[in-house]
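Peer 1: Sequence:
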Amino acid sequence: MINMSGSRRSPFRRLTYTDAQFVDIIHSSNLTYGYGIYDPLGDIDFYPNGGAKQPQCESVEDSSEYLSCNHDAAPYFFLQSINTDKCLFRSVQCPSYDDFLDGQCPPDSSATDLMGLPAQKIPCLAPKSKFYLRTMEVSPYCLQDGDGPA
Numbered sequence: 023m024i025n026m027s028g029s030r031r032s033p034f035r036r037l038t039y040t041d042a043q044f045v046d047i048i049h050s051s052n053l054t055y056g057y058g059i060y061d062p063l064g065d066i067d068f069y070p071n072g073g074a075k076q077p078q079c080e081s082v083e084d085s086s087e088y089l090s091c092n093h094d095a096a097p098y099f100f101l102q103s104i105n106t107d108k109c110l111f112r113s114v115q116c117p118s119y120d121d122f123l124d125g126q127c128p129p130d131s132s133a134t135d136l137m138g139l140p141a142q143k144i145p146c147l148a149p150k151s152k153f154y155l156r157t158m159e160v161s162p163y164c165l166q167d168g169d170g171p172a
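Note that my numbering has the sequence shown beginning at 23, numbered continuously upward.
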């Protein structure tokens with residue numbers, strides 16, 4: 023897992039879908055709530071909790087720690103995805119997080135994928151496709167089946 027998105031990086035030096043056969047990106051912060059970038063860059067871009075504010079960071083009071091907490095959530099999510107016996111991060115393709123929360127992208131009629139290590143490139147899916155999911159605030163972070171949008 024590498025962090026090559028970087029909001030401060032030149033667009034020519036960022037990791038994008040053209041850099042490998044399959045590039046999946048976990049967005050856990052943006053410039054407002056961390057150090058990341060919100061723009062989709064990979065074949066599949068995952069946005070846990072909308073890609074900005076992570077629930078495990080809500081209790082952090084120091085502003086610099088809060089920014090890094092959101093940003094650093096992505097590697098923790100990825101690590102949890104390695105143990106698929108305990109944790110599956112089910113995600114749904116959707117135009118926006120608000121649409122996802124409103125239930126406008128049901129899994130039975132939208133593309134779905136697992137975030138993290140089990141993620142797979144979906145044939146015929148355009149690059150920079152956005153996938154959304156919710157997580158819990160405690161490890162292992164993934165929600166159980168049926169715990170979709172609030």
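Rather than coming from a laboratory, the hints here were simulated on the basis of the structure.
Quick reminder that beta carbons are idealized off the backbone N, C-alpha and C, glycines included.
Keep in mind that the hints are not guaranteed to be accurate.
[As the list claims (entries may be wrong)] Here are the in silico distance ranges between beta carbons for each label pair:
no.	residue 1	residue 2	range
1	Ser161	Asp84	20 to 28 angstroms
2	Pro97	Pro129	38 to 46 angstroms
3	Ala42	Ala133	16 to 24 angstroms
4	Ile104	Pro129	30 to 38 angstroms
5	Asp84	Leu147	17 to 25 angstroms
6	Ser85	Leu147	33 to 41 angstroms
7	Asn105	Thr134	14 to 22 angstroms
Peer 1: Take a look at whether the Cβ-Cβ distance between Ile104 and Pro129 falls inside 30 to 38 angstroms.
Peer 2: 23 angstroms Cβ-Cβ, so the 30 to 38 angstroms window is violated.
Peer 1: Is the distance from the Cβ of Ser161 to the Cβ of Asp84 consistent with 20 to 28 angstroms?
Peer 2: This hint holds: roughly 21 angstroms between Cβ atoms.
Peer 1: Determine whether the Cβ-Cβ distance between Asn105 and Thr134 falls within the hinted range of 14 to 22 angstroms.
Peer 2: The hint (14 to 22 angstroms, Cβ to Cβ) holds, given that Asn105 and Thr134 are roughly 20 angstroms apart.
Peer 1: Given the hint of 17 to 25 angstroms, is the C-beta distance from Asp84 to Leu147 inside that range or not?
Peer 2: violated (40 angstroms)
Peer 1: Could you tell me whether the CB distance from Ser85 to Leu147 stays inside 33 to 41 angstroms?
Peer 2: Holds, since Ser85 and Leu147 (Cβ atoms, about 37 angstroms apart) stay within the stated range.
Peer 1: For Pro97 and Pro129, compare the CB-CB distance with the range 38 to 46 angstroms and indicate the outcome.
Peer 2: violated (26 angstroms)
Peer 1: Has the hinted range 16 to 24 angstroms been met by the Cβ atoms of Ala42 and Ala133?
Peer 2: Given about 20 angstroms between the Cβ atoms, the range holds.
Hints 2, 4 and 5, counting from the list given before, are not met by this structure.
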